[in-house]
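Sequences are here, hints too, so could you generate the full structure?
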Amino acid sequence: MKNKLNSILPPVVLVLIYFLIQLLLSKKILNPYHIQILMFACVNIMLTVSLNIVNGFTGQFCIGHAGFMSLGAYGSAIITTMLFGGMKMDPNLRIPVFLLSLLVGGILAAIVGFLIGLPTLKIKGDYLAIVTLAFGEIVRSTLRLIEPIGAARGMIGIPKITNLAWMFFFVMITLYITRNFVYSRYGRASIAIRDNEIAADAMGINTTRYKVIAFVFAAFIAGVAGGLYAHLMTFIQPDSFSFVKSNELLVYLYAGGSGSITGSVLGALVLTIIPEALRFLGNLTNWRIVIYAVILVLIMLYKPSGLFGGKEISFLRINRDSFRKPFNKFNDPKLADKQNS
Amino acid sequence: MTTFLQFLVYGVQLGSVYALLALGYSMVYGIVRMINMAHGDFLMIGALSAIFIAMGFSGFMVDGRYPFYIVLAIILSAMILTGLLGVLVEKIAYKPLRDRPRMSSLITAVGVSMFLQNFPRALPFIGPQPRPFPQLFPLIQFRLGGVVVTSTQIILIVVSIILMISLDAIVQKTKFGAQIRAVSFDKDASLLMGIDTNRVISYTFLIGAVLAAASGIFYASIYPQVDVYMGSWLGTKSFIAAVIGGIGSIRGAILGGFILGITEILATSINSNLGYGIGFVILIVILLIKPAGILGKTEIDKV
Amino acid sequence: MAILEVKNLSIEFGGLKAVEDFNLSLEKGELIAIIGPNGAGKTTIFNMLTGIYPPSNGTIHLDGENLLGRKPFQFAQAGIARTFQNIRLFSNASVIDNVKMANTADSNENFFESILRTPGMVEKERQLDEHALELLSLFGLEGQADTIAKNLPYGAQRRLEIVRALMLNPKVLLLDEPVAGMITTELDEMAQLVKELREKHGQTIILIEHHMNFVMPIVDRIIVLNFGKTISEGTPAEIQKDPRVIEAYLGGGFHGNA
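Chains A, B and C, in that order, give the protein sequences.
Once you know that position 48 of the first sequence is 48 in the working numbering, the rest is easy, because the numbers rise by one and skip nothing.
Positions in the second sequence are counted from 1; adding 341 to them yields the working numbering.
Positions in the third sequence are counted from 1; adding 644 to them yields the working numbering.
Hints are not guaranteed to be accurate.
[Stated by the list, open to error] Below, a list of computed lysine-lysine pairs in the DSS-like style, where the Cα atoms sit at most 25 Å apart:
1. C/Lys873 x C/Lys885
2. C/Lys715 x A/Lys124
3. A/Lys124 x B/Lys514
4. A/Lys303 x B/Lys638
5. A/Lys303 x C/Lys794
6. A/Lys122 x B/Lys631
7. B/Lys631 x C/Lys715
8. B/Lys631 x A/Lys124
9. A/Lys160 x A/Lys28
10. A/Lys160 x A/Lys124
11. A/Lys124 x B/Lys528
12. B/Lys638 x A/Lys122
13. B/Lys638 x C/Lys715
14. A/Lys124 x B/Lys436
15. A/Lys122 x C/Lys715
Source of the hints: derived by calculation from the structure; they are not laboratory data.
Structure below.
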């Protein structure tokens, strides 16, 4: 009963928050600018959670995550602008085409993730860091050269379809599938690799395979998040996806606590909103990244589990009781005996 | 053939910049098994501090040029300043994490890199705009056959090679070099042998940052523009050079630097957009064929 | 036919012969020990038998199947499981997850079933849990199933490593110093457990151990190594009388508790 409640509660809470926000919006306590910030925070949540799969749960180190985001953003934006721009489109098809474009963007990011992950993850060591850093910059400099998609100026006129409801929906899905991933053999293999790669190998885990799976899965989510971002901003340019963006995601991740989904959510949410909330102090844009850099170093030095301590809220945890048959223990005479002794 | 030789000159010149920077990555990796993601930024700090030091010395200019001994003073003080910064960064940010999982120091290095780039960027008197680099070296053109070589290029290549040879000699021949090799082989055993490992590590960072500053000044002398992000992509490429040559190996870093510099220039001569990608392609190929790099040794996991 | 057939296994590190011409023919259900002074090459043999070090010479056949050239995870999947001299648990995962992690290769639910948590996947997880708990209970660890592995007491960590290896359902189990650092009562307990594994479950086991009073009463055969070479082989009684062994013990500064 408690488990049933546990699985229904989070969507219900999210829907309630959604209506609360709508109410505050109608009462003019919140304005559309606030909503915009909240949606950015949601995009960052998706990106940080996906980065956590690679860096936090699998113990690899990707620092070019914005590259996957840009592939998804461009991939999906090309599809929707092409289909919506040229011909008159049945309005009923808008949403299906949008969703399809997000899927394509995600798959594009996943394929590229596979192509760079396979050769790199085969090798022990920290090479993934430098390969992903170079990859992110190569994607960016390539995008800057392609004239049909606006080169360095970027793409404009992307239909604005992403709204708060879609954002909430996708954050929910991301959290759900990421949690399920972590509590499956795929997640267990990832954690085994992170905790002790030699032992994982000795326990029959094909370490390369599971590293690549985690990496591709993360790239896919980042791609979808990029698509949502494109249809929220309505314009995108290659330089928004540079290593500066990737580094920001690292700060969200480690501030929240790597290896904790809750931490990623809080890290991305809080650190996206705070700089905006402090705008009244004047223009902080230049100092924001300096402060982030200091936060990152201080956290690694003094609180490696992150500001929020690496805890996981119950929705993002799966207890073994939730799928153990209720009185299984007592039905099994052998175990029951042990209990009594 | 002449064009090829001309490109070769450019390639060697870029290669020596990469090689000087790659040395720092390789030495630090060899000794503490850590990718110092902030190493490229020492290049930028070196170039940037040279600009400001040169400004301070502008009173010594004769006919709009710096005399030789002032140039030497500018370069040396920029190198020393950057070197001390390297030691400081190691003491504050990396040393406390030495016994933690390797991931921690990698992340911290990214944080340090972000700081080194964005702190000057946020300072009003530096800011994000690229700034011109003063002409420190004389610019006389020589013609050898059809190939044009400038005095700047000659100075740069010769000085780089002298620096590399002396570093190699220090590491191979001196007592201090033996200590470096011992620490990179086994830190705990070296400690038991009475080697002050902290001192050795500090000196390694010092040497790495000094060479990075030199490469920054040389790079800015050929492409006279300095901005706060320049260290990031030059650093990435030099790291790739270090991996190609075999990370942890000094000669490997030099070899990798020249290979990357020359292929990059040749690729750019075919199509200007191929430059950035070529290093990446070589890296992937090397990782597939010989993950330890050309001169690197495969390490055996102690189980 | 022997379940594990090893012939002329040799390995060099930088010109130094760490193990030379090691031969072994292990029958199903046998329990043997490899002993020898420190640095004799015992763990190196385990590393070759699990694919971590590729031997420079020799062959390894498991159940008639040639394993040479395979990767470590394939050795494990083929049926050679091991524990480590210096414990290598997945220290931030729970005890039961440590055990379940060893089952990764046998789980067959696909990626999409997993991220959607289909009823079929949940059922498989439940069965896996039951199986893991069953194995844990053999070693008295079922009560700590949800403890984080690094918080377990030392002795329990050693036992957990064995349970984890058993999860692979191995044809041959390699135990690398299972009682290192244990106190006498724990030692007797472990001897009992290893004996039980062999007697009740027919598990084939190779042990590396220093503690002679742990090894002698439970094993069928002992192989003695010194400087990478097999210097003696036989029943515990034969070994105890072998002058070459005594020489290796006394002359080689053997620090075992014989």
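Hint consistency between B/Lys631 and A/Lys124 [alpha-carbon to alpha-carbon, up to 25 Å]: Roughly 13 Å between the alpha carbons, so the hint for B/Lys631 and A/Lys124 holds.
Agreement of A/Lys124 and B/Lys528 with the hint, judged by alpha carbon distance not exceeding 25 Å: At roughly 21 Å apart (the allowed maximum being 25 Å), B/Lys528 and A/Lys124 satisfy the hint.
Hinted pair A/Lys124 and B/Lys436, Cα distance within 25 Å: The hint holds at about 24 Å.
Pair hint outcome, B/Lys631 versus C/Lys715 [Cα-Cα no greater than 25 Å]: holds, 18 Å
Satisfaction of hint between A/Lys124 and C/Lys715, Cα-Cα up to 25 Å: holds, 14 Å
Given hint B/Lys631 paired with A/Lys122 - CA-CA distance at most 25 Å: The hint holds at about 12 Å.
Straight-line alpha-carbon gap A/Lys124 to B/Lys514, limit 25 Å: Cα-Cα ~32 Å, so violated.
Satisfaction of hint between B/Lys638 and A/Lys303, Cα-Cα up to 25 Å: violated, 36 Å
Hint consistency between A/Lys160 and A/Lys28 [alpha-carbon to alpha-carbon, up to 25 Å]: holds, 23 Å
Proposed proximity, A/Lys122 with B/Lys638 (alpha carbon, max 25 Å): holds, 17 Å
Hinted pair A/Lys122 and C/Lys715, Cα distance within 25 Å: With a Cα-Cα distance of about 12 Å, the restraint between A/Lys122 and C/Lys715 holds, given a limit of 25 Å.
25 Å Cα cutoff - pair B/Lys638, C/Lys715: holds, 20 Å
Figure legend: structure checked against the earlier numbered hints; hints not met, in rising order: 3, 4 and 10.
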